[in-house]
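My request is simple: use the sequences and hints to build the entire structure.
Here are the chains, one letter per residue:
Protein chains: 2
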Amino acid sequence: MLLLVLLFVFFISELVSPVTIHSPSGKISLTFTLSSSGAPQYALRFKGRDVILQSRLGLTAADGLNFSEGFMIEKTDSLVFDETWEPVLGEVKQIRNHYKELKVTLSKSEDKKRIMILIFRIYDDGAGFRYEFPAQEHLKYFIVKHEFTEFRLTGDHNTFWIPGDYDTNEYEYSETRISKINALRGQNSSEISTRSIIGDNGVQTPLMMKSDEGLYINLFEAALVNYPAMHLTADREKYILTAHLTPDAVGNKAYLQTHARTPWRTILVSDKAEDILASKMILNLNEPSEIEETGWIKPVKYVGIWWEMHVGTSSWNYSDVNNVKIGETDWNSLKPNGRHGATTERTKVYIDFAAKHGFDAVLVEGWNVGWEDWFGSWKENVFDFVTPYPDFDVEEVHRYAASKGVKMIMHHETSGSVTNYERRMDEAFSFMKQHNYDAVKSGYVGRIIPRGEFHDGQWMVNHYIHAAKKAAEYKIMINAHESVRPTGLHRTYPNWLANEAARGNEFNAWSAGNPPSHETILPFTRLMGGPMDYTPGIFETKMSFYYPDKKEQVHTTLAKQLALYVTMYSPLQMAADYPENYERYPDAFQFIKDVPVDWDDTKILSAEPGDYIAIARMEKGSETWYLGAITDENPRTMKLPLDFLNTGVVYTAVMYADGKDAHWETNPKSYMISKKNVKAGDTLELVLAPGGGAAVQFLPEK
Amino acid sequence: MLLLVLLFVFFISELVSPVTIHSPSGKISLTFTLSSSGAPQYALRFKGRDVILQSRLGLTAADGLNFSEGFMIEKTDSLVFDETWEPVLGEVKQIRNHYKELKVTLSKSEDKKRIMILIFRIYDDGAGFRYEFPAQEHLKYFIVKHEFTEFRLTGDHNTFWIPGDYDTNEYEYSETRISKINALRGQNSSEISTRSIIGDNGVQTPLMMKSDEGLYINLFEAALVNYPAMHLTADREKYILTAHLTPDAVGNKAYLQTHARTPWRTILVSDKAEDILASKMILNLNEPSEIEETGWIKPVKYVGIWWEMHVGTSSWNYSDVNNVKIGETDWNSLKPNGRHGATTERTKVYIDFAAKHGFDAVLVEGWNVGWEDWFGSWKENVFDFVTPYPDFDVEEVHRYAASKGVKMIMHHETSGSVTNYERRMDEAFSFMKQHNYDAVKSGYVGRIIPRGEFHDGQWMVNHYIHAAKKAAEYKIMINAHESVRPTGLHRTYPNWLANEAARGNEFNAWSAGNPPSHETILPFTRLMGGPMDYTPGIFETKMSFYYPDKKEQVHTTLAKQLALYVTMYSPLQMAADYPENYERYPDAFQFIKDVPVDWDDTKILSAEPGDYIAIARMEKGSETWYLGAITDENPRTMKLPLDFLNTGVVYTAVMYADGKDAHWETNPKSYMISKKNVKAGDTLELVLAPGGGAAVQFLPEK
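Here the protein sequences line up with chains A and B, keeping their order. If you number the first sequence the way the working numbering does, the last residue is 702 and the count never jumps. If you number the second sequence the way the working numbering does, the last residue is 1702 and the count never jumps.
Fair warning: there could be bad hints in the mix.
[What the hints assert, rightly or not] Which bits of chain B does chain A cover? Going by a derived footprint, with three or more residues having C-beta under 8 Å, they are:
#: 1; segment: 1094-1100
#: 2; segment: 1129-1142
#: 3; segment: 1235-1247
#: 4; segment: 1369-1383
#: 5; segment: 1550-1563
Read the hints as simulated data drawn from the structure, not as lab findings. All residues carry an ideal CB built from backbone N, CA and C; glycine is no exception.
This is how it looks when you write it as structure tokens:
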């Protein structure tokens, strides 16, 4: 990461409210008001239009501490900040961090003087604010009980929401007005094992909305560190969304020690949906990398023994005995079930495939003992992370992969038993380094131990960061599944490549699945916080391919699976299908082989949440562009100006499109591949089938 | 540990109840009954007298599982077991484990067949029983909700109790009838910071009682593994004590996976108090050592920088700033408070003292950063266990101690933040080995993290064992303070040398202190489970010695402090006073220098809980005997037959006795040292002052 420009301008405002501050271009303004009772409030406008009406700020803490009213303004400070930095991995080569900041120092002196600072940062695409508590005589430790942060909306916006839940974010999205939110729907999602739904009016962030006036509004948080994840509860009559913090085992929200600060509460707003996707505000609100030497952090395109377990032709577990104990069970004496996926032999098939087709790495799940009864019993010592099943020869796999120039990806399923993982983490990471693994997929399926804690609580938030930092000590990259959703921390910990933390492609294998609109919503919601390991690339989309009676299927065409590599940004991407399935479609597979996962530039060409997305990206260190376009259940013809292409260069566009008769449900494998020459200024017409998509490679002519 | 004799005899009983089984000598009998409703019950008799009337057994678990009634007897098995084994460290060289066992296999088939086994072991000094759940088709995982184990007493016994409390066992004892138990008294103990009192009728185990008929009865548990500590609630009208398990953060008691077993519930009984102290039943009910090579486990007599902090002339913390953060605070920039105890210079004084007087090791508390605000804020990252304060040079201390042939004892105060300790444990133990520390005193002051867990809950019980096992991997010995009370696990993990887990000598420095009877009760209660690091040896018993205005004082004479080295068994003993204080009383100090902490034989000469104790012990590998005698607030003359001395040998008895005018309160430092020749068959008269004691060394003449 390199700082390219850095500019500070300070000026001091008066001690009266309201105070209004504008974004660098003036498009967005935020007004801070201290009410007559000393309650801090704010409002946000975009191009002169109200976005957030005057809304409450503040929080309360244990021991009667009230940081929501009775304040005086001690001082206000402002500055302009303009910096350009380079992410280690990313969608673009350089990111500009340009904002105006208003810092309001509030004090109250009921019994003892205490200070709280509100920091607002106003960008041209949104605003963020946080609460800060400097170290001070009468405030050293405090326990947050409630946070009152409000977002008073101007109307009954159309909203893309999932139920507020302390333990999972794997719901499919609902698209309703604020007034129609009914989050108890989530209670029937038996396909999600561990659920802790807040109530009928709770929703998660990032929350994407669209007003009747055509404003796109996204509410979220950035830099979630040492604080619980923020959900929102909706007043469905007044259209007020209020922060709802995930509690801990005893009902407290956060244990803070001054100097303390909350995550940023963020509002993105634009009259163009594309601006929301293009925003780098969340990343900018995070701290620069704490890792100085980042040369070991690499993008990863991988295959692995994984989808076959979701399909059901293989199992994670070696035996069907379902009562085993780490350190006691004699694994060699168990009767194999004959379906175990993670065998040395099968792993070699994937290693050969990866080597042949240029993948960086192979993931193997189910390699380590404990899967027989890993889940559902709130068991603590589920896995030890170092003992392979009898049919998985770690040494031989290590040797074989190295001989083929392929990396292995470790898998650490914690089963939610985080205490167990933490106490074994050093040993587990050391084991990885001994066997040449430099990336790990971690999993958090199930109820958390420490019992009473939730996936989204402060303790777990700190755990995920602890894992990323500890991994960095070992130069290990992380891909965490079933974690809290990311909030841009991959800027600070660039070895934290990706997360799942949403409803991934896997649901298509064994549940009602992800509706065709799903992938058009995720970039507006979950992906606002960081890369997702969505595991695209499924060619055999119907489970009936494996089991004639099965109705489950992926809700996209094959071509859309290709497009997802472009529309769903991640520096870590899986080609999730069986090697055998790819071998049968070598022409379509070529796109997956070619598409990079790290980029020098990105253009959001066209987007509407829930309907469609088209994105173009330029490969890192290359002039080759890639384009992904996807649609929901509706067919769609897109006419995309190729303005992004470098002028004066002729490109060969290799187009992977839906066949004429393609349809996600009835004919998903109909695709056609064609080539033509194009250049900047041309318009590309793409015809997308229902649930379809298109992927295009633009190769500059030599 | 060596098995010397091993004898099994099996015989099969009938399938009807009641079934009665007798101890090897016949002194004790236990009757198992299955009621007409299929509820398991038991009763215990001693020499034909009722001890425990017919009492309920069983437990309930989540999901409606009821293991307290509806049972049938599937089968009963019995055996006689007789083995002699050698503890690594101990009060005696060999321990005989001789019992009859009754194993009752119960089954119930309401919906699905489930099995529970009751195992009773009857010794000549008591009985133990446990619940066992074999691995079975319809019982793999279950969550214990309540345990119903009852102890129905025959009358309103006199009882030595402390309030039932999930978090602390540092109360002083009350001596009342069962009917007069009022455990809410503990609520006013502001001297104990972290308290979670069960209720007004809750008491802790080991519970010592004496019936009006002169029976001594002790209720406790052995082998507390993977289960919460058992407290007792008292029916003060019917004299029924019922198991009360420590809950976890969500109110559950224990998470079990079959094959599962509870700790042993134990009843010791005799008509002689001395038999209670001599009993090895708790140890015998524990599993043999899991550590095969035990040559590195050594007894430890030590001094250290510790009492001076309790007195107040030194501090644990380096600075008086009380808002510091591990990993952030610049410790070198803090202003020293000038009272920091753990300086390199002061440590060298202790090292010199230890070397001069033959102590094995030096403990230094407060050496590592974080003490400025270590306590009371439920803070997680309090200590890192590897960063010394600026004025403590670990390398230099290591070098200097090694040059003097003295070991250093590490100190790991967790402040109750156990998650933090566990995640840093490997690093902390590695740091110890690098710097030549082979023993650690760990501390658990404060509320537990994981928040909602208690010191005595299943999770913490497993933690203490985890720490002992992990330490053993590093060949490190452990001395845990503020932990759950021990239950004989030092047999299984002999590197777990000692615990505090009761009200130690330290309370005398800064609280109402420990009444003169305290040390006559502890061996009947806390010490039933294992060695205690009581930290005796205080010569300057009055805090007014340091601060004229202070009223606090040790509630014993100086001579009694010497006697405690014999009456309070521990293979790890501190000489807790300042080196400077010992230097002023070299004649009395000679006893502390001479007294060993590991023994080949032990004889309980005379004892009455709450009144007096006299014990003789023979030094490991030597013919030298030591005798300790203590009394409560009453003066006492003891006439002790010296039957234990080896016949045919003349001994020089070196007697450290209270002075004629000695009194714990008014004249504690009055003592006299005398010698005389004695032999087996003689009677030794010892005159003990109020709160006094006597220590005697018997040197065989060459």
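Do the hints match the structure? See the list:
Counting residues of the segment 1094-1100 of chain B whose CB falls under 8 Å from any CB of chain A gives 0; the rule of at least 3 is not met. Note: the segment 1129-1142 of chain B has 3 residues with beta-carbon separation from chain A under 8 Å; the three-residue rule is met and the coverage holds. Interface restraint, the segment 1235-1247 of chain B with chain A: violated (0 residues with C-beta to C-beta distance below 8 Å; minimum three). Beta-carbon proximity to chain A at under 8 Å applies to 5 residues in the segment 1369-1383 of chain B; the threshold of 3 is reached and the given coverage holds.
Counting residues of the segment 1550-1563 of chain B whose beta carbon lies closer than 8 Å to any beta carbon of chain A gives 0, which falls short of the minimum of three for the stated coverage.
In this structure, the hints that do not hold are numbers 1, 3, 5, in rising order.
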